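Peer 1: Given next are the chains, with one letter for each unit.
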Amino acid sequence: AQTVTQSQPEMSVQEAETVTLSCTYDTSESDYYLFWYKQPPSRQMILVIRQEAYKQQNATENRFSVNFQKAAKSFSLKISDSQLGDAAMYFCAYSNYGGSQGNLIFGKGTKLSVKP
Amino acid sequence: EPEVTQTPSHQVTQMGQEVILRCVPISNHLYFYWYRQILGQKVEFLVSFYNNEISEKSEIFDDQFSVERPDGSNFTLKIRSTKLEDSAMYFCASIDPGKSYNSPLHFGNGTRLTVT
Numbered sequence: 068a069q070t071v072t073q074s075q076p077e078m079s080v081q082e083a084e085t086v087t088l089s090c091t092y093d094t095s096e097s098d099y100y101l102f103w104y105k106q107p108p109s110r111q112m113i114l115v116i117r118q119e120a121y122k123q124q125n126a127t128e129n130r131f132s133v134n135f136q137k138a139a140k141s142f143s144l145k146i147s148d149s150q151l152g153d154a155a156m157y158f159c160a161y162s163n164y165g166g167s168q169g170n171l172i173f174g175k176g177t178k179l180s181v182k183p
Numbered sequence: 002e003p004e005v006t007q008t009p010s011h012q013v014t015q016m017g018q019e020v021i022l023r024c025v026p027i028s029n030h031l032y033f034y035w036y037r038q039i040l041g042q043k044v045e046f047l048v049s050f051y052n053n054e055i056s057e058k059s060e061i062f063d064d065q066f067s068v069e070r071p072d073g074s075n076f077t078l079k080i081r082s083t084k085l086e087d088s089a090m091y092f093c094a095s096i097d098p099g100k101s102y103n104s105p106l107h108f109g110n111g112t113r114l115t116v117t
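Heads up: the sequence lines are chains A and B, in that order. Per the working numbering, the first sequence starts with residue 68, numbered consecutively. Per the working numbering, the second sequence starts with residue 2, numbered consecutively.
If we strip away everything but chain B, and leave its shape as in the complex, we get (with noise of 0.2 angstroms):
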């Protein structure tokens, strides 16, 4: 079955650098998201995107956050100015375009962001 892959799985970077997160999406799928997870607490949505824009996004998504889908495989989330709060797991996910409005997202393995 196909897959949602990140990468790099943990990512460690110093305050004030900037990080990008990598992930390929399925193939197929045109929805792509952005969810973080700080150690201990729930899931939370950062961004959703369609159609080479951002289609929603949450408050946690501020001007330190921005999203590209760079060569048609690849979909990136880049913090500029990494916080230590930024600290945390991140989860890109896609959903089948054909079936969005029944289907539900496949998320990949996440990567642990570690800000120092």
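Isolated chain A (complex conformation) (with noise of 0.2 angstroms):
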């Protein structure tokens, strides 16, 4: 079966700063997704950024980007020039390749503070 860890429960940064939040996984699959969601106060699971495990190239979004490492089954989140609004719990998930992409695997999580 696979599984997603966060070893980070808990990081803080700096605002402006750059932070990485660290997730491993687990999986026989060669297809599949990976995923960052975002959980603000609001309680709202928001997608942050994507990524195919057949794509080489790390996934960007804005101040959001991946480094995305298949055969190691690594994939943190690096939040650049990290702002007041970026402070929420984050979640990174994994999902097979295919017609159950909407069966997401979570980790436990990682709270992200950002100091003024």
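Keep in mind that the hints were calculated from the coordinates and are not lab data.
No more than 20 angstroms apart at the CA atoms, straight line, and that leaves these computed lysine to any residue pairs for SDA-like:
| no. | chain 1 | residue 1 | chain 2 | residue 2 |
| --- | --- | --- | --- | --- |
| 1 | A | K182 | A | D153 |
| 2 | A | K145 | A | T85 |
| 3 | A | K178 | A | L114 |
| 4 | A | K178 | A | R130 |
| 5 | B | K43 | A | S180 |
| 6 | A | K175 | B | K43 |
| 7 | B | K43 | A | Y92 |
| 8 | A | K140 | A | Y121 |
| 9 | A | K178 | B | I39 |
| 10 | B | K79 | B | Y51 |
| 11 | B | K58 | A | Y164 |
| 12 | A | K122 | A | S95 |
| 13 | B | K43 | A | R117 |
| 14 | B | K43 | A | N163 |
| 15 | A | K175 | B | Q42 |
| 16 | B | K43 | A | T70 |
| 17 | B | K79 | B | H11 |
| 18 | B | K58 | B | E69 |
| 19 | A | K182 | A | E84 |
| 20 | A | K182 | A | P76 |
| 21 | B | K43 | A | Q111 |
| 22 | B | K43 | A | P76 |
| 23 | B | K43 | A | Q69 |
| 24 | A | K175 | B | I61 |
Given the structure is predicted, the values throughout are model-derived calculations rather than measurements.
With the hints as a guide, dock the two chains, each given alone in a separate frame, to form the complex.
Peer 2: Dropping the structure here:
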């Protein structure tokens, strides 16, 4: 069975600085998706960024980028120029490729605090 | 942008009572999901629903749970006899059928269920 591990329960970053959140996963599949979701105090789950495993290029979305290391099964999220609004729980998630794509396996999350 | 809406935002019920959580997925979406998040823990997949039937379910989704799409717009999760351990945030989500192999989940804001 697939698993997702986030080893940092909490992280803190100074406003305007850069922070990296770690995620490792385990799967025997060769094709799959990886995601980072943000959950602010409003509780909504917001997709931050997504990576298809078959793509070698790391995904980027504005200030958010990932370091996808397929062989190491590592998928870290880098937030550049951190803003106060980035403070939230961040969940790493995995899904198989294909029809089960909506069946996500989540990590336990990392609580990110942003200091002014 | 269309949203997944969930009602109520917070529901309190007594142990042993039946509860129905309601969701209105995005109108052209045909794949629907329920997830659960116990306070302080990770988000867990419960069930996926397509073409008026369950396509996948987790071990959590036992005989006390059922899902239904009664009228073509609502998607409900019923817990027949609630237990204290059912207290959690329940998230509904949906996917665009035209892009099911390359589209992220759209989550609702969640319903916080408290069983007393």
